[in-house]
Amino acid sequence: MTRSVYLSANRGLLTIVCCLFTLSLLAQRPKQMPSSFDSFLDTQWWLGIRFGANFSQPFPSDKVSAFSPIDYETSELEKDYHNFQDIGAMAGMDISFYHKGISIGLQPSYKHVNYSYTSERQWFGTGGETQFATQYDVSQYVNFLEIPLVLQYEIYRRGQISPFVFGGLFYSFVISAGKDAKVTYFDYSSGGGVESPGGQFSIGVTKEFQNYFGALGGLGAAFDYFNVRTILAASYQQSFRSITDREKQYRDNELSSLGEANDKINLNNINVSVSLVFPLRYIDKTFQPY
Amino acid sequence: MRRAYIILLAAYGFWSCGDESFDATDSFTKIYDHSSAEVAYHPIDMVKTEEGFLILAATQLDESDFSGVQVIQLDEKGDFVAEQTADVEYVAPVGGFMQVDTGYFFFAMHEPTLSTVLISVTPTLSGFNIATAVAGPSYPLAGSVNDADELLVLTYNPEALQTVISRVSADGTFLQGIGYTIGAGSDVEAQIISHFVDNERSGLPFFCGELAGTGQVYFNGFYNYTLSLVFSSFGDAPDGVLQGQATDGGVSAAMPVIGSNFSLVGFQFNDNFVTPAATLDPNGINSSIDLAQGTISELKSRSKADIVLWENGGNQYVVVAAETQNRQVVLYIYDYASGQMVGIERIGYQNAFTLSSIKVDDENALLVLGSTYVSGRFERAFLKKLSADQLKSFIQ
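Chains as they are written, first to last, in this note's numbering: chain A, 1 to 290; chain B, 1 to 396.
Since the hints were made in silico from the structure, they are not lab data.
Note that the structure is a prediction, hence the values are computed from the model and not measured.
Where a beta carbon is used, it is the ideal one built from N, C-alpha and C, also for glycine.
Do not rely on the hints blindly, as some may be mistaken.
As the list claims (entries may be wrong) - Selected chain A positions facing chain B (in silico; Cβ < 10 Å):
id	residue
1	69
2	72
3	74
4	279
Stated by the list, open to error - Computed list of lysine-lysine pairs in PhoX-like fashion (alpha-carbon distance at most 25 Å, straight line):
id	chain 1	residue 1	chain 2	residue 2
5	A	207	B	392
6	A	248	B	392
7	A	179	A	248
8	A	248	B	300
9	B	359	B	300
10	A	207	B	300
11	A	264	B	304
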């Protein structure tokens with residue numbers, strides 16, 4: 001055995017002995033109490049503001065029209081809805097109670113929802129050629145007071161970033177609703193199509209809408225920087241009740257002569273929000289959480 | 001396991017409570033559209049059936065100056081089911097559209113013979129059953145049903161230059177009739193002919209009925225050169241006359257409430273007036289202008305009008321329908337006891353709406369029939385059903 005090999009073996013043995021000794025010491029140490037910082041975060045109330053944007057997916061399930069066709073199919077009267085094209089906004093509060101990775105919270109918000117659709121009708125001459133056509137483009141907005149009840153699970157917490165998933169239920173109280181309809185005429189009676197405006201109408205339709213409710217789910221992450229917790233979240237809302245009052249579907253409205261009537265609509269949303277929340281329970285005045 | 005059932009039940013309850021139910025037959029507004037730019041619908045009157053509704057309409061005919069006969073069948077939700085057009089030799093249909101037992105009747109004209117025929121249809125439109133009601137030259141002007149389930153028909157006899165009121169049984173058998181002169185010369189007759197061949201511009205408010213329990217009939221028609229409300233017991237001369245002023249003044253619509261107490265709408269030149277409670281003298285000579293209690297500037301000149309009695313909560317309300325300057329159909333609701341207007345509702349926006357008739361159905365709902373101009377040009381029939389609750393909400 002050479003000297004170098006001997007020294008190497010000794011160093012290895014010494015290292016192993018040192019490691020075993022250290023481990024035995026660690027095993028013998030008393031259980032370490034959680035730090036005040038960890039306790040602070042383990043159980044906490046959070047309160048703040050929440051704002052964001054939403055994109056609507058109107059889902060019609062009972063399609064109606066003020067027109068009852070005599071010689072064509074009712075399917076020709078169906079509206080062409082635009083999914084996730086119209087941006088809305090929301091703003092409100094974010095209050096939650098957090099305990100060891102699980103939090104439950106309310107997010108009451110004023111929510112402005114937009115969606116739009118298009119409808120077309122054509123009338124024909126005796127030879128079957130199109131004589132006249134009408135297109136109307138409708139932009140519908142509805143304002144709600146929305147109250148989501150959210151259960152949130154923190155996937156893991158590492159440093160100042162903690163991703164989470166969440167789900168819950170929501171109830172939305174309708175506050176107001178309005179409709180803008182733009183009518184365009186196309187006259188083919190002289191051969192070529194002549195386009196002319198048929199008017200643009202804005203009407204209040206609050207009475208045609210109703211409160212609705214549903215479930216939501218999504219994911220997000222909390223960022224603990226600058227003495228405030230910033231929460232970015234994205235969710236999908238599925239409604240379980242039509243936002244339109246079905247009793248009013250068949251009644252007269254200011255746009256009935258265009259054939260306009262609300263379908264039964266389950267309004268689904270993609271919401272993207274930012275919350276700025278603050279802890280309500282401080283340890284003491286000297287505590288510096290971040 | 002038990003907890004799982006409870007959670008599933010709760011989830012189902014939460015989901016299912018969103019599927020609210022409602023009755024689409026309670027109230028609705030429907031416009032009956034046709035894809036042809038060449039056709040137009042001129043609704044006249046409607047009747048409720050066990051299966052839904054029937055609409056009597058006039059159509060344009062290439063073969064005749066008179067309008068053709070068309071009946072449209074609707075379901076209980078007011079949706080179109082079927083339509084049927086009578087043979088072109090049957091023309092000039094008139095309201096009302098009447099129910100006797102299980103049959104639905106209206107009068108029209110057999111053009112080759114110029115005689116008035118009684119046409120009946122079934123709720124499912126299984127064809128037209130036609131009987132001659134008034135033989136000889138007679139142009140139908142209006143029809144109604146009396147308390148004995150007999151039919152009254154108002155006609156014009158061009159040979160005798162007479163307005164004729166007749167009683168007809170539901171099988172078309174002529175029972176009784178009497179004619180009264182429209183006046184010598186051709187001026188009045190020309191206006192009657194224009195009423196038939198150019199109704200949109202020159203239509204006149206012909207109607208007829210019977211005073212309950214008296215056997216005395218009334219009709220709005222030409223008598224002695226004047227469009228008048230005439231009372232008759234089928235005698236050689238009328239019992240009484242509420243005179244108009246040629247065709248420049250008279251009664252647009254009238255409805256007997258109790259005895260000779262009427263609700264009526266009248267016109268004097270371009271002004272319209274509503275008298276919700278008027279006591280008429282069916283045995284005297286009076287003038288319609290004396291009943292005018294101020295004019296209603298909202299109504300268009302010589303507006304078409306119709307009146308029904310609607311009862312709610314032990315109160316009687318007179319519902320008057322007419323057309324506005326703004327091309328809407330307006331409903332004025334009057335408390336019959338006080339004669340005060342208690343509610344207004346307007347029907348129709350964006351495009352013009354015209355009135356055909358109104359009726360109260362067996363659910364105490366109000367049916368409003370008329371036409372609208374889809375895209376501002378294509379005349380289409382509309383039917384609006386206002387539930388009793390909706391009507392009640394109009395009353396202030």
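Outcome of the hint check:
1. 69: holds, 6 Å
2. 72: holds, 5 Å
3. 74: holds, 8 Å
4. 279: violated, 33 Å
5. A:207 <-> B:392: holds, 17 Å
6. A:248 <-> B:392: holds, 16 Å
7. A:179 <-> A:248: Roughly 15 Å separates the two Cα atoms, so the pair holds.
8. A:248 <-> B:300: At roughly 30 Å apart (the allowed maximum being 25 Å), residue 300 (chain B) and residue 248 (chain A) break the hint.
9. B:359 <-> B:300: Between residue 359 (chain B) and residue 300 (chain B) the Cα gap is close to 22 Å, so the pair holds against 25 Å.
10. A:207 <-> B:300: violated, 31 Å
11. A:264 <-> B:304: violated, 37 Å
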